[in-house]
Amino acid sequence: MSSGTGTVTAARAPGDRLPRLASALGSYVGFVPAVLLLGLCFLVPLGIVVCYSFWDTVDYAVVHHWTLGNYRYFFSVGAYVSTMWATLWVAVLATVIAIGLAFPFAYWLSRYVPRRVRTPLLVLVIVPFWASYLLRVYSWLTILGEKGVVNRFLHWAGLTSHPLGVFLYDRPAVILVLVYLYFPFGALTLYSSIERFDWNQLRAAMDLGASPLQAILRILVPQIRPGIITAVIFVFIPILGEYLTPQIVGGTGGVMIGNLIVNFFQEAEYTRGAAISLLVAGFIVVLLFVFRKSLSTKEAYGA
Amino acid sequence: MTTAPTPADADSRPGSAGIDLRGVVKQYGAQTALRGLDLEIRDGEFFCLLGPSGCGKTTTLNLIGGFVAPTEGEIWIRGRRVDKLPPHKRPVNTVFQSYALFPHMSVLENVRFGLKMDRVPREVSTERAAQALGLVGLEEFGSRMPAQLSGGQQQRVAVARALVKRPAVLLLDEPLGALDLKLRQRLQIELAQIHRDVGTTFVYVTHDQEEAMSMADRIAVMNGGRIEQLGTPEEIYRGPTSRFVADFIGDSNFFDATVDGAVAQLPDGSRVACAGGRSGAATLMVRPEAIAVRGGDGSIAGRVVQTSFLGSYIRLAVETPAAEAPVIVALRDVAALPRLGEQVTLSWAAADGVVLEPGPGAAA
Amino acid sequence: MAHDVEVLSRGARVARALLNGYALAIYLFLFAPIVLLVLFSFNANRYGTFPITGWTLEWYRAAISDYQVHGAVTTTLKVAAQVTVISAIVGTAAAFPLVRSKLPFREGIRIVLILPIMIPGLLIGVSLLVLFVSTFHWQLSEETAVIGQSVYTTPFVILLVAARLQGFDNALERAAADLGANTFQRLRRVVLPLIFPAILAGALFAFTLSLDEFIITYFLIGANNTLPIYIYTQIKFGITPEVNAVASMLLAGSLTLLAVAFALPQLVRRARRAIMRVTTA
Numbered sequence: 022m023s024s025g026t027g028t029v030t031a032a033r034a035p036g037d038r039l040p041r042l043a044s045a046l047g048s049y050v051g052f053v054p055a056v057l058l059l060g061l062c063f064l065v066p067l068g069i070v071v072c073y074s075f076w077d078t079v080d081y082a083v084v085h086h087w088t089l090g091n092y093r094y095f096f097s098v099g100a101y102v103s104t105m106w107a108t109l110w111v112a113v114l115a116t117v118i119a120i121g122l123a124f125p126f127a128y129w130l131s132r133y134v135p136r137r138v139r140t141p142l143l144v145l146v147i148v149p150f151w152a153s154y155l156l157r158v159y160s161w162l163t164i165l166g167e168k169g170v171v172n173r174f175l176h177w178a179g180l181t182s183h184p185l186g187v188f189l190y191d192r193p194a195v196i197l198v199l200v201y202l203y204f205p206f207g208a209l210t211l212y213s214s215i216e217r218f219d220w221n222q223l224r225a226a227m228d229l230g231a232s233p234l235q236a237i238l239r240i241l242v243p244q245i246r247p248g249i250i251t252a253v254i255f256v257f258i259p260i261l262g263e264y265l266t267p268q269i270v271g272g273t274g275g276v277m278i279g280n281l282i283v284n285f286f287q288e289a290e291y292t293r294g295a296a297i298s299l300l301v302a303g304f305i306v307v308l309l310f311v312f313r314k315s316l317s318t319k320e321a322y323g324a
Numbered sequence: 010m011t012t013a014p015t016p017a018d019a020d021s022r023p024g025s026a027g028i029d030l031r032g033v034v035k036q037y038g039a040q041t042a043l044r045g046l047d048l049e050i051r052d053g054e055f056f057c058l059l060g061p062s063g064c065g066k067t068t069t070l071n072l073i074g075g076f077v078a079p080t081e082g083e084i085w086i087r088g089r090r091v092d093k094l095p096p097h098k099r100p101v102n103t104v105f106q107s108y109a110l111f112p113h114m115s116v117l118e119n120v121r122f123g124l125k126m127d128r129v130p131r132e133v134s135t136e137r138a139a140q141a142l143g144l145v146g147l148e149e150f151g152s153r154m155p156a157q158l159s160g161g162q163q164q165r166v167a168v169a170r171a172l173v174k175r176p177a178v179l180l181l182d183e184p185l186g187a188l189d190l191k192l193r194q195r196l197q198i199e200l201a202q203i204h205r206d207v208g209t210t211f212v213y214v215t216h217d218q219e220e221a222m223s224m225a226d227r228i229a230v231m232n233g234g235r236i237e238q239l240g241t242p243e244e245i246y247r248g249p250t251s252r253f254v255a256d257f258i259g260d261s262n263f264f265d266a267t268v269d270g271a272v273a274q275l276p277d278g279s280r281v282a283c284a285g286g287r288s289g290a291a292t293l294m295v296r297p298e299a300i301a302v303r304g305g306d307g308s309i310a311g312r313v314v315q316t317s318f319l320g321s322y323i324r325l326a327v328e329t330p331a332a333e334a335p336v337i338v339a340l341r342d343v344a345a346l347p348r349l350g351e352q353v354t355l356s357w358a359a360a361d362g363v364v365l366e367p368g369p370g371a372a373a
Numbered sequence: 584m585a586h587d588v589e590v591l592s593r594g595a596r597v598a599r600a601l602l603n604g605y606a607l608a609i610y611l612f613l614f615a616p617i618v619l620l621v622l623f624s625f626n627a628n629r630y631g632t633f634p635i636t637g638w639t640l641e642w643y644r645a646a647i648s649d650y651q652v653h654g655a656v657t658t659t660l661k662v663a664a665q666v667t668v669i670s671a672i673v674g675t676a677a678a679f680p681l682v683r684s685k686l687p688f689r690e691g692i693r694i695v696l697i698l699p700i701m702i703p704g705l706l707i708g709v710s711l712l713v714l715f716v717s718t719f720h721w722q723l724s725e726e727t728a729v730i731g732q733s734v735y736t737t738p739f740v741i742l743l744v745a746a747r748l749q750g751f752d753n754a755l756e757r758a759a760a761d762l763g764a765n766t767f768q769r770l771r772r773v774v775l776p777l778i779f780p781a782i783l784a785g786a787l788f789a790f791t792l793s794l795d796e797f798i799i800t801y802f803l804i805g806a807n808n809t810l811p812i813y814i815y816t817q818i819k820f821g822i823t824p825e826v827n828a829v830a831s832m833l834l835a836g837s838l839t840l841l842a843v844a845f846a847l848p849q850l851v852r853r854a855r856r857a858i859m860r861v862t863t864a
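Chains as they are written, first to last, in our numbering: chain A, 22 to 324; chain B, 10 to 373; chain C, 584 to 864.
Extracted from the complex, chain A is given alone in its bound form (with noise of 0.2 Å):
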């Protein structure tokens, strides 16, 4: 430190220390009902899950006797683990097919329309996602359901004498409305990536020979990575949580993870229900930190 900066801070370190102090503690004041609310009802709840799933329950009470019973429970159970294996094979096609459908939307929002009317249209897809979750894949069951458009089309076309179940009640119906349930988090995300893209090294890799689909997934692809990676990401956890979709559509034959989680806490089985809710968190922590340098919630949330 130079000298005269060394006497300007000496003259003024008597008066001038207590409200640093001070302002450096007042700039974690505003933490603090941050913390009561999200440390006291988020992190706490989370670690008596922990808890829980490593205790017993003796006739519905929980007893605090440490034990690895839950755990192997679910994976002696073979519809359980069948189960598992089911959802996550049902979010990685659902988040495969999303972002698949995001991408070329994005890429058109992006490089074919007009600046100023970008925003609407993005808003246009966005809004609905924020509104009404539920009324989303209960709008379904009027397309779906047994008396829905599909099966009326297919009645009035002469295709069918008597209503099908099929469209509902499986699998591919969950897939269907998480896909579309999902989407657009998938192309907001990878607008507000490809958005930032300078479209002139297109044109540089067109001029060096390259053409335009090796140009998209030579210099647009690899830049746009971490984009990609976080639409993944944020499409794929929430679908391994849910419980709506294939409760409403997905019928027996499309049971996923968080049904049996639900139904566990339902009947009060605590313990055993904590421990497949640890199961899901924990890949999803375990996903969250092997991604952690390429995942930015600011592209995620357009904030």
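FYI, nobody ran anything at the bench for these hints, they're computed from the structure. Honestly, I wouldn't trust all of these hints.
[To be verified] Computed footprint of chain A on chain C; a stretch qualifies when at least three of its residues, placed anywhere within it, have a C-beta under 8 Å from a C-beta of chain A: (1) 704–716; (2) 800–814.
[Said to hold, decoys possible] Derived DEER-like restraints, expressed as beta-carbon distance ranges: (3) L622/C - A100/A: 38 to 44 Å; (4) V65/A - L622/C: 42 to 48 Å; (5) Q194/B - V138/A: 41 to 47 Å; (6) G320/B - I237/A: 48 to 54 Å; (7) G350/B - V851/C: 58 to 64 Å.
All of these numbers come straight from a predicted model, not from anything done at the bench. By construction, the Cβ of each residue, glycine as well, lies at the ideal position given by its N, Cα and C atoms.
Could you slot chains B and C onto chain A? The hints should help.
Below, chains B and C without anything else, positioned relative to chain A:
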């Protein structure tokens, strides 16, 4: 043989031109960007498209590069019609204004990209890329990422990347626009040198007349979607054919005049020397450095209203009834410097008084 | 300039036309189910689906006079109001230190604050259920649902306000300090007025999320019903036109609020300019 064709030679063989634009029209909706452009660019020359923004120079470049399709007309490169071909099928490469380097690839990978697209074997492409980097003096930088380079270095990588494919034509879209003056001047020299080394046709777009003058073999001055004048830098500077060109290239003084032979009469009645070429109402253009103060016969009178020392010369502003705006004079000889407010007489040689069509303000 | 990236080859023009059609299909896919839902709520047909046998407001009349719907609406609004107040205050307070102070572990704190929106709501609901019921032996009520929803909505307010604060020109505050304003005055007179649109947008956003929240509420509200819970219990028995009507009203409410929240920053800016013009004229 492509490296140094003599101009006369190239002229005498129509069709062998490096680039040939015939009656090219380009419309964007209702707007016309180019109105019937005919242009021959010779094989191996350093050709500049010069003009203010919106004059059609970038559109012309994009038409040659294949990023824009002509509304009418034909484009030929080395005797092959290309106007229906997409960019990646033309023997043309581009240096973009923003460089458009691929940020996720190293410098060497950037330069090698074009060869990779042509499926050139890896060893060959690596060697050629290294050569190209050597050409622009960046052989040591192959493993760096573009973000780790300075603006001038990035620009040179962009040149190397475009040249590595040995294109028939290299298009440069204001490649020095983003750089500061000093660096720009250095890179002008380097680019001219690279052009001599590789012998490829360079088509260079700029709005900076100094840049065009310092590098180009020939310049096309463009305005309002057409070519105003085409010629060597010296031809254009000494003999502009329109007020627009005279105004755009270098500094100039304009006088409303009535011309009769080699004599021009100015609004205040004084008679001055001119090169002639047309009679009647005209605009007389004289370059600042062609004017002598304290002239003898055939001179105009005026009063010095400003003197500015600009290093290599001194600039005088002289108010005179012969012209609306003060006449600008560039003086090299400090000994002859008049004082502020001094009455002076200005004169010039007949050849320096260029006669142009009457200007837009001529009536007033 | 983006548009001088013109498509030259035939193939590229075809690709562009295909993409235009594709985008149109996507919008159809996104809106068809919602539009049908609303359409059927005006359909005279008893079954709540095709065919359309006539137009009627009967189902809206029925829904509005249904006491169960009344109760659900009241509960929904009460819960949403509390959630909005809590998350607006807590979220705004947390956004300041998050953006401004050079804290150690800022990234860590940021992740913890944002985590509730990254983790499925199901897990939030379940873990709070364990806390309230099994650990504290509380009775589930509106208040437990309010707490659960606030955990989920607060991070959104934090994100929105933090984004606005990040774009905030610090020179403004330095100028205010230079002109003699103390910390509180700077906050009150300079910072809050400028970020107010973001806070309001965040509050509206939280309100809408609360209106539509299902899974956390489902676990925590006990014997009460919010509108989404009511709709859910109804559709277990099949689609009825009354439920379509209730759903349409909820949808209209949420969409309106969200549209306002998205447009708010611009609206406020315009209103300010209009006021300036009036006062200076």
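Here's how the hints hold up against the structure:
1. 704–716: Per the Cβ count (10), the hint holds.
2. 800–814: holds (count 3)
3. L622/C - A100/A: 38 to 44 Å: Because 40 Å falls inside the window, the suggested range holds.
4. V65/A - L622/C: 42 to 48 Å: 46 Å, holds
5. Q194/B - V138/A: 41 to 47 Å: 44 Å, holds
6. G320/B - I237/A: 48 to 54 Å: Check passed, 52 Å falls within 48 to 54 Å.
7. G350/B - V851/C: 58 to 64 Å: 59 Å, holds
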